[in-house]
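Participant: The lines below spell out each chain.
Number of protein chains: 2
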Amino acid sequence: MTITGKRRIAVQVLLLGISVLGLACRPGGEDSMPAAQDSVAESSPPALPSWNNGAAKQAIVDFVARVTDPANPDFVPEAERIAVFDNDGTLWSERPVYFQLFFAIDRVKALAADHPEWKEKQPFKGVLEGDLEAVAATGEHGLLELVMASHTGMTTTEFEQIVKEWLATARHPELDRPYTELVYQPMLEVLDYLRAHGFKAYIVSGGGIEFMRPWVEEVYGVSPEQVVGSSVNTKFEVRNGEPVLVRIPEIDFINDKEGKPVGINSHIGRRPIAAFGNSDGDFQMLEWTTAGDGSRLGVIVHHTDAEREWAYDRDSHVGRLDRGLDEAAERGWVLVDMKSDWTTVYPD
Amino acid sequence: MTITGKRRIAVQVLLLGISVLGLACRPGGEDSMPAAQDSVAESSPPALPSWNNGAAKQAIVDFVARVTDPANPDFVPEAERIAVFDNDGTLWSERPVYFQLFFAIDRVKALAADHPEWKEKQPFKGVLEGDLEAVAATGEHGLLELVMASHTGMTTTEFEQIVKEWLATARHPELDRPYTELVYQPMLEVLDYLRAHGFKAYIVSGGGIEFMRPWVEEVYGVSPEQVVGSSVNTKFEVRNGEPVLVRIPEIDFINDKEGKPVGINSHIGRRPIAAFGNSDGDFQMLEWTTAGDGSRLGVIVHHTDAEREWAYDRDSHVGRLDRGLDEAAERGWVLVDMKSDWTTVYPD
Numbered sequence: 001m002t003i004t005g006k007r008r009i010a011v012q013v014l015l016l017g018i019s020v021l022g023l024a025c026r027p028g029g030e031d032s033m034p035a036a037q038d039s040v041a042e043s044s045p046p047a048l049p050s051w052n053n054g055a056a057k058q059a060i061v062d063f064v065a066r067v068t069d070p071a072n073p074d075f076v077p078e079a080e081r082i083a084v085f086d087n088d089g090t091l092w093s094e095r096p097v098y099f100q101l102f103f104a105i106d107r108v109k110a111l112a113a114d115h116p117e118w119k120e121k122q123p124f125k126g127v128l129e130g131d132l133e134a135v136a137a138t139g140e141h142g143l144l145e146l147v148m149a150s151h152t153g154m155t156t157t158e159f160e161q162i163v164k165e166w167l168a169t170a171r172h173p174e175l176d177r178p179y180t181e182l183v184y185q186p187m188l189e190v191l192d193y194l195r196a197h198g199f200k201a202y203i204v205s206g207g208g209i210e211f212m213r214p215w216v217e218e219v220y221g222v223s224p225e226q227v228v229g230s231s232v233n234t235k236f237e238v239r240n241g242e243p244v245l246v247r248i249p250e251i252d253f254i255n256d257k258e259g260k261p262v263g264i265n266s267h268i269g270r271r272p273i274a275a276f277g278n279s280d281g282d283f284q285m286l287e288w289t290t291a292g293d294g295s296r297l298g299v300i301v302h303h304t305d306a307e308r309e310w311a312y313d314r315d316s317h318v319g320r321l322d323r324g325l326d327e328a329a330e331r332g333w334v335l336v337d338m339k340s341d342w343t344t345v346y347p348d
Numbered sequence: 349m350t351i352t353g354k355r356r357i358a359v360q361v362l363l364l365g366i367s368v369l370g371l372a373c374r375p376g377g378e379d380s381m382p383a384a385q386d387s388v389a390e391s392s393p394p395a396l397p398s399w400n401n402g403a404a405k406q407a408i409v410d411f412v413a414r415v416t417d418p419a420n421p422d423f424v425p426e427a428e429r430i431a432v433f434d435n436d437g438t439l440w441s442e443r444p445v446y447f448q449l450f451f452a453i454d455r456v457k458a459l460a461a462d463h464p465e466w467k468e469k470q471p472f473k474g475v476l477e478g479d480l481e482a483v484a485a486t487g488e489h490g491l492l493e494l495v496m497a498s499h500t501g502m503t504t505t506e507f508e509q510i511v512k513e514w515l516a517t518a519r520h521p522e523l524d525r526p527y528t529e530l531v532y533q534p535m536l537e538v539l540d541y542l543r544a545h546g547f548k549a550y551i552v553s554g555g556g557i558e559f560m561r562p563w564v565e566e567v568y569g570v571s572p573e574q575v576v577g578s579s580v581n582t583k584f585e586v587r588n589g590e591p592v593l594v595r596i597p598e599i600d601f602i603n604d605k606e607g608k609p610v611g612i613n614s615h616i617g618r619r620p621i622a623a624f625g626n627s628d629g630d631f632q633m634l635e636w637t638t639a640g641d642g643s644r645l646g647v648i649v650h651h652t653d654a655e656r657e658w659a660y661d662r663d664s665h666v667g668r669l670d671r672g673l674d675e676a677a678e679r680g681w682v683l684v685d686m687k688s689d690w691t692t693v694y695p696d
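Protein chains in written order, with this note's numbering: chain A, 1 to 348; chain B, 349 to 696.
None of these hints come from the bench; they were simulated from the model.
Since the structure is predicted, the reported quantities are computational estimates derived from the model, not experimental observations.
Backbone N, C-alpha and C define an ideal beta-carbon position, used for all residues, glycine too.
Hints are not guaranteed to be accurate.
Said to hold, decoys possible - Derived Cβ-Cβ restraints for the label pairs, each shown as a range:
| hint | chain 1 | residue 1 | chain 2 | residue 2 | range |
| --- | --- | --- | --- | --- | --- |
| 1 | A | Asp62 | B | Ala427 | 27 to 35 angstroms |
| 2 | A | Ala71 | B | Ala659 | 50 to 58 angstroms |
| 3 | A | Pro116 | B | Arg587 | 53 to 61 angstroms |
| 4 | B | Ala427 | A | Asp69 | 24 to 32 angstroms |
| 5 | A | Arg323 | B | Glu675 | 50 to 58 angstroms |
| 6 | B | Asn401 | A | Ala71 | 44 to 52 angstroms |
| 7 | B | Asn588 | A | Asp326 | 46 to 54 angstroms |
| 8 | A | Asp315 | B | Glu468 | 55 to 63 angstroms |
| 9 | A | Pro77 | B | Arg587 | 26 to 34 angstroms |
Construct the entire structure; sequences and hints are all you get.
Facilitator: So this is what it looks like as structure tokens:
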């Protein structure tokens, strides 16, 4: 179990996440749900019905019109219409911490009966006793132990089943809803809208590629092939005549920041023409995407809605958005103001 | 520049290749080309016209009929109809050595003017003087130097252009045809046939992923997204305000043998239902594919045609097929006999 270089950064982000697990609170209470839909009265064209008419929606619609019109100099053939979407904070919520961290914690609890030694050993002891400050105190190494204990040691087929079962029963600790209901309705509409116009949508997330694949088809309509994410190494073995891929406790790739263009190149092999993110972890993905020739679309979802979701940017421990806010205008990227641009946040 | 573990194996294969560069000869002369088409007289149904009616063709057609018939218990929904194809020796020829090695050699020659030191330094000196025995004598380390010098140091965009330009002008040293004409007509028909039945075809090759992507769409109709291959690491940089991905001299992944199921899982995230290979480097890919539930298809192209292509298997330095020959029958894999199953080898 080793960790070096850029991998440190990602683990630090996770660590910051867990360090506030016990402290974080959602500014708006659950009683502010469901969304107020304060703009439903205005005329809603069929495209992007949960988007208020405004600069953000217009920029998306205009871009799609340009690249799909064969008479337009910016026309892009269908095969090259690749759009990439960050997941945490862009397609679903990410507060108080990345949902995958809740998975790791729940998984450690589920496995505890087989690991009596965890009762006395941090960071597991802290997880089992609900003492997340003690977990955080174990630092980067402790967090990596937690992730590896919960995400490796099984076959890929077993892990897929574990993720599916967890998602079918787990509920967000503050909102008391299944995590898969905490997806953004306006972004589901963007996915549909782009696909209806011949785009192929990929998820490009710092989250685990095999944590996402089991459910993204049902939730987002994105096939498992179209997921790029962080990964552990896997090893091919034949067990009792059956070939298996075993997830082993080594980080293979961290798909965040400078890693996102690398992951895109590795998995897709084409430069996208549209990219949607929400944090500075997506900066290089938007930079790479929008530096290509022709018309390009870069979109940042800005979390401005403390009533219906959460409001955060520059100082956030999760989904920090700082450089993106400073440079969006000069780079021609679209800033989506969740509070004013979206008529609703989550699906009904 | 480091090389460890399974990476050694792949380099050794390459090394074996280069060691016979000066020695290898094609059993049949060029005058035996084009293919004799000795079976054109028999009745040709529209599907797979360059395949003689026989067990191999029947197995492919029967499999496709089963998995695409909604009334059949083996029916597979379209989204799960993933077929994987090895490239070297399965979709195009691989003699006297993998064509990518010719690319490396031509590239070193093209770069020599900028590297006067290469005149005195092996393995470059050997390449420039046509002394391939001297190249081989530099061993694994020397060959890796050759690959890295020819495949890294440039941006991904530059490399794509270099590959395209090479393929547009390079010709096979014995057959005197562009490499992209040395693809197997019967396999092009399999690709078309599967796609016509709702399959998504992926190339899963030990060759470089970025060596293949620039041309597979035009030659095979396979999009760059659907290529899995070996890779070097890339690094994101911003140069004069322009984001680039630089190919650096570190091996990232070798997509061969046990690596193929790993690469498939990483890039596709679904288990294929059909796999086509030709050598023991494809064994685990076929094993992984055909171990899945329901109807599965494993196909090995056996190089039996010394007249129209090359004949080789157990003792070959390239495309060695030994275990696959021994176990195909018991595993239910289809052995394609190129000589008797194919009416033609290359496209006209």
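Participant: Is 26 to 34 angstroms respected by the C-beta to C-beta distance linking A/Pro77 and B/Arg587?
Facilitator: holds (28 angstroms)
Participant: Should the hint that B/Ala427 and A/Asp69 are 24 to 32 angstroms apart at their CB atoms be regarded as holding?
Facilitator: holds (29 angstroms)
Participant: That 50 to 58 angstroms hint for A/Arg323 and B/Glu675 (C-beta), does it hold up?
Facilitator: Holds, since A/Arg323 and B/Glu675 (Cβ atoms, about 56 angstroms apart) stay within the stated range.
Participant: That 46 to 54 angstroms hint for B/Asn588 and A/Asp326 (C-beta), does it hold up?
Facilitator: Taking Cβ atoms as reference, B/Asn588 and A/Asp326 lie about 20 angstroms apart, which means the hint is violated.
Participant: With 44 to 52 angstroms as the target window, see if B/Asn401 and A/Ala71 comply at their CB atoms.
Facilitator: holds (49 angstroms)
Participant: Could you check the hint for me, namely that A/Pro116 and B/Arg587 are 53 to 61 angstroms apart, CB to CB?
Facilitator: With a Cβ separation near 55 angstroms, A/Pro116 and B/Arg587 satisfy 53 to 61 angstroms, so the hint holds.
Participant: Given the hint of 55 to 63 angstroms, check if A/Asp315 and B/Glu468 actually sit that far apart at their C-beta atoms.
Facilitator: holds (59 angstroms)
Participant: Taking the beta carbons of A/Asp62 and B/Ala427, is their distance inside 27 to 35 angstroms?
Facilitator: Given about 32 angstroms between the Cβ atoms, the range holds.
Participant: Does the beta carbon distance between A/Ala71 and B/Ala659 stay inside 50 to 58 angstroms, or does it fall outside?
Facilitator: Roughly 55 angstroms apart at Cβ, these two residues keep to the hinted range, so it holds.
Figure legend: structure checked against the earlier numbered hints; the only hint not met is number 7.
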